[in-house]
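**Student:** Sequence:
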Amino acid sequence: MEGSRPATPEAPPENLWSSILDSVSSSRSIPSKQVLLLGPSSSGKSVLASALLQKPVAEESKDETRSDFALGYDWADIRDDGDEDTLARLSVYTVPSDAIAYTSLIPHFLPPRVSLPHTLVMIVLDWTRPWTFVDNLQTWLKWVEMWAKGDGSRDLDIVREENHERLQHHLQHYTEPSVDAVPATSNISSNTVLPLGPGTLTHNSAGVPIIVVCTKSDLIDEGNDLVGASSSGMGGMVKGKGGEWEERTDGVMQVLRTICLKYGASLFYTTQQPNTLLVLRQYALHLLSIPPAPSPMASGSEAPAPLRNPFVFHYKPNTLDRDRIVVPAGWDSWGKIGVLREGFEAKVWGEAWEADLDADVMESEDHAGAKKMYKMLVPDQGAKSPPLPPFNAPMAEQAFLAKHYDENAKKPDRDPRGAFRNPTDTAAAGIVGPLGSSSFNLPTVERALSEMEAGMGMASSLNTSTTADGARRLSQRAATGANVTTHVGRPPSSPTIGTSPSSTGGQTQHEVLQNFFQSLLSSRDRGGTSATAKSMGSKTNGNTSGTDDTS
Numbered sequence: 004m005e006g007s008r009p010a011t012p013e014a015p016p017e018n019l020w021s022s023i024l025d026s027v028s029s030s031r032s033i034p035s036k037q038v039l040l041l042g043p044s045s046s047g048k049s050v051l052a053s054a055l056l057q058k059p060v061a062e063e064s065k066d067e068t069r070s071d072f073a074l075g076y077d078w079a080d081i082r083d084d085g086d087e088d089t090l091a092r093l094s095v096y097t098v099p100s101d102a103i104a105y106t107s108l109i110p111h112f113l114p115p116r117v118s119l120p121h122t123l124v125m126i127v128l129d130w131t132r133p134w135t136f137v138d139n140l141q142t143w144l145k146w147v148e149m150w151a152k153g154d155g156s157r158d159l160d161i162v163r164e165e166n167h168e169r170l171q172h173h174l175q176h177y178t179e180p181s182v183d184a185v186p187a188t189s190n191i192s193s194n195t196v197l198p199l200g201p202g203t204l205t206h207n208s209a210g211v212p213i214i215v216v217c218t219k220s221d222l223i224d225e226g227n228d229l230v231g232a233s234s235s236g237m238g239g240m241v242k243g244k245g246g247e248w249e250e251r252t253d254g255v256m257q258v259l260r261t262i263c264l265k266y267g268a269s270l271f272y273t274t275q276q277p278n279t280l281l282v283l284r285q286y287a288l289h290l291l292s293i294p295p296a297p298s299p300m301a302s303g304s305e306a307p308a309p310l311r312n313p314f315v316f317h318y319k320p321n322t323l324d325r326d327r328i329v330v331p332a333g334w335d336s337w338g339k340i341g342v343l344r345e346g347f348e349a350k351v352w353g354e355a356w357e358a359d360l361d362a363d364v365m366e367s368e369d370h371a372g373a374k375k376m377y378k379m380l381v382p383d384q385g386a387k388s389p390p391l392p393p394f395n396a397p398m399a400e401q402a403f404l405a406k407h408y409d410e411n412a413k414k415p416d417r418d419p420r421g422a423f424r425n426p427t428d429t430a431a432a433g434i435v436g437p438l439g440s441s442s443f444n445l446p447t448v449e450r451a452l453s454e455m456e457a458g459m460g461m462a463s464s465l466n467t468s469t470t471a472d473g474a475r476r477l478s479q480r481a482a483t484g485a486n487v488t489t490h491v492g493r494p495p496s497s498p499t500i501g502t503s504p505s506s507t508g509g510q511t512q513h514e515v516l517q518n519f520f521q522s523l524l525s526s527r528d529r530g531g532t533s534a535t536a537k538s539m540g541s542k543t544n545g546n547t548s549g550t551d552d553t554s
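Going by this note's numbering, the sequence shown opens with residue 4, and the numbers climb by one from there.
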């Protein structure tokens, strides 16, 4: 019975519908393309980004005081002419300047191993500052080479080789489009193979599509008859328009074309006019959609049909109109560059460019690099920052103090105590330190001492005579046995300051000064003391002192 049962059908896989949807979405997947805008600040990158995405320019981008993001980003879908199907999704990354803080973010958003085949680099130059063209190109082209090298892995090396072959194949098969009719297919033909000319694609080992865009080119033809820097930056080189003015601008174009030729890059001049920006946008989409190089065919196999480029560029090159130059990659050569102006040697400029890129070459007067040659063609007229003041090495603090201490010590007028010092004193006192012995020789103290000594001399002589008379009388009374009695209620007066000149002369100044101040405290004044002494003398001589003379 079990064998007669029909076998049950197998259960369908759980992810059946998911696999169907994935297969459909993969067949109709939209390719993603990226444009990396590099250039200095205020060079017109926001206008180019809006033109590539066909979006209006934001009002904040027109503000001169606005602040850029570290890495700007925007995207838009690219549709066909009928606006029915989406052909690609275009993303635009904008770097405000060449600061390492900004450029170091790019590999995180655009890793070269994944994004290298789908990325176009657009280097923006500003015609209001033409003297910066060579410096900016060297800075950004070096960075592109460093970014394309990445981590140096084997997978990245394979991607770099394939990308280089694709760009080389595009340069070899470039055919100039016809003006009469727009071709329905790509202008890349696999039947015509042209060898690369001298100086073509000698650099750019990763094959990165590069477009050098010179913005604000309408200011080149600015009518300015004044000598000096104008808004275009070119008016300061010559006076108005003329032959020299045209030669200089043509020379700038020849230098740029020579550099672009070495990297397989293209050169475009743009203005604010929509037509120049439209031409640039079509060519950018054309380069982003270059098909890969065909693989080598095996013997006996048929050649595969060439892949079509969905974005056809049908504009002819233009090297005559100064405000709308169009030099596609693969069209230019040294011969076409030299025809523009006689005397220009593209080979010499190419060697000078390589000399500047050589890290072993040191800056010297004999080194004729591209930067030095370009400065002779376009003088630098940028605003120079004021020079820094000369470096002043300050003296050590202790050395400074010791120097001025020695100088001030030799100047007696710098000591505030000099006004009170005795001029006859030869002892030099320090500026700072303990008071010397000569510090006591102050005029006020000396005058007080002299007056005190004069008063003490008079009192000493008076006391001496009074004492002598009293001694004679006492001796006489003692001889006759008389008793000397004092006046009732009044003790005998005695000299308060010194009794003899000998005792006064033996005292030091400090002792005399001490006795002087003690006498001031014990008596009211010097006059009262002298009057008392006189009255005592008269009473003694006249026997009125209160003592009874019995003789």
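Worth flagging that the hints you see were computed from the coordinates, not collected in a lab.
A hint or two may mislead.
[Said to hold, decoys possible] Straight-line alpha carbon distances no greater than 20 angstroms define the calculated DMTMM-like cross-link-like pairs of lysine to aspartate or glutamate that follow:
id	residue 1	residue 2
1	Lys-387	Glu-400
2	Lys-339	Asp-326
3	Lys-339	Asp-324
4	Lys-265	Asp-154
5	Lys-58	Asp-84
6	Lys-265	Asp-84
7	Lys-265	Glu-357
8	Lys-265	Glu-249
9	Lys-145	Glu-164
10	Lys-58	Asp-80
11	Lys-339	Asp-359
12	Lys-145	Glu-357
13	Lys-375	Asp-253
14	Lys-374	Glu-454
15	Lys-265	Asp-326
16	Lys-374	Asp-101
17	Lys-145	Asp-101
18	Lys-375	Asp-138
19	Lys-378	Glu-168
20	Lys-152	Asp-409
21	Lys-378	Glu-250
22	Lys-378	Asp-409
23	Lys-374	Glu-400
24	Lys-378	Glu-410
25	Lys-378	Glu-164
26	Lys-378	Glu-249
[What the hints assert, rightly or not] Ranges between beta-carbon positions, derived for each pair:
id	residue 1	residue 2	range
27	Pro-297	Pro-110	26 to 32 angstroms
28	His-121	Ala-371	55 to 61 angstroms
29	Tyr-76	Asp-253	46 to 52 angstroms
30	Phe-403	Thr-142	43 to 49 angstroms
31	Gly-85	Ser-107	25 to 31 angstroms
32	Asp-154	Gln-57	33 to 39 angstroms
33	Glu-345	Pro-277	31 to 37 angstroms
34	Ala-358	Pro-294	42 to 48 angstroms
35	Lys-387	Ala-73	25 to 31 angstroms
36	Ser-208	Pro-297	20 to 26 angstroms
37	Pro-393	Ala-358	33 to 39 angstroms
Glycine included, every Cβ here is placed at the ideal spot set by N, Cα and C.
**Student:** Taking the hints in turn, state whether each one holds.
**Tutor:** Going down the list of hints, with the structure as the test:
no., hint, verdict
1, Lys-387 / Glu-400, "violated, 37 angstroms"
2, Lys-339 / Asp-326, "holds, 19 angstroms"
3, Lys-339 / Asp-324, "holds, 16 angstroms"
4, Lys-265 / Asp-154, "violated, 25 angstroms"
5, Lys-58 / Asp-84, "holds, 17 angstroms"
6, Lys-265 / Asp-84, "violated, 35 angstroms"
7, Lys-265 / Glu-357, "holds, 10 angstroms"
8, Lys-265 / Glu-249, "violated, 25 angstroms"
9, Lys-145 / Glu-164, "holds, 19 angstroms"
10, Lys-58 / Asp-80, "holds, 11 angstroms"
11, Lys-339 / Asp-359, "violated, 24 angstroms"
12, Lys-145 / Glu-357, "holds, 12 angstroms"
13, Lys-375 / Asp-253, "holds, 18 angstroms"
14, Lys-374 / Glu-454, "violated, 94 angstroms"
15, Lys-265 / Asp-326, "violated, 23 angstroms"
16, Lys-374 / Asp-101, "holds, 18 angstroms"
17, Lys-145 / Asp-101, "holds, 11 angstroms"
18, Lys-375 / Asp-138, "holds, 10 angstroms"
19, Lys-378 / Glu-168, "violated, 36 angstroms"
20, Lys-152 / Asp-409, "violated, 67 angstroms"
21, Lys-378 / Glu-250, "holds, 15 angstroms"
22, Lys-378 / Asp-409, "violated, 56 angstroms"
23, Lys-374 / Glu-400, "violated, 47 angstroms"
24, Lys-378 / Glu-410, "violated, 55 angstroms"
25, Lys-378 / Glu-164, "violated, 36 angstroms"
26, Lys-378 / Glu-249, "holds, 17 angstroms"
27, Pro-297 / Pro-110: 26 to 32 angstroms, "holds, 31 angstroms"
28, His-121 / Ala-371: 55 to 61 angstroms, "violated, 40 angstroms"
29, Tyr-76 / Asp-253: 46 to 52 angstroms, "violated, 38 angstroms"
30, Phe-403 / Thr-142: 43 to 49 angstroms, "holds, 46 angstroms"
31, Gly-85 / Ser-107: 25 to 31 angstroms, "violated, 43 angstroms"
32, Asp-154 / Gln-57: 33 to 39 angstroms, "holds, 36 angstroms"
33, Glu-345 / Pro-277: 31 to 37 angstroms, "holds, 36 angstroms"
34, Ala-358 / Pro-294: 42 to 48 angstroms, "violated, 37 angstroms"
35, Lys-387 / Ala-73: 25 to 31 angstroms, "holds, 29 angstroms"
36, Ser-208 / Pro-297: 20 to 26 angstroms, "holds, 21 angstroms"
37, Pro-393 / Ala-358: 33 to 39 angstroms, "holds, 34 angstroms"
The structure fails hints 1, 4, 6, 8, 11, 14, 15, 19, 20, 22, 23, 24, 25, 28, 29, 31, 34 (numbered hints given earlier, in ascending order).
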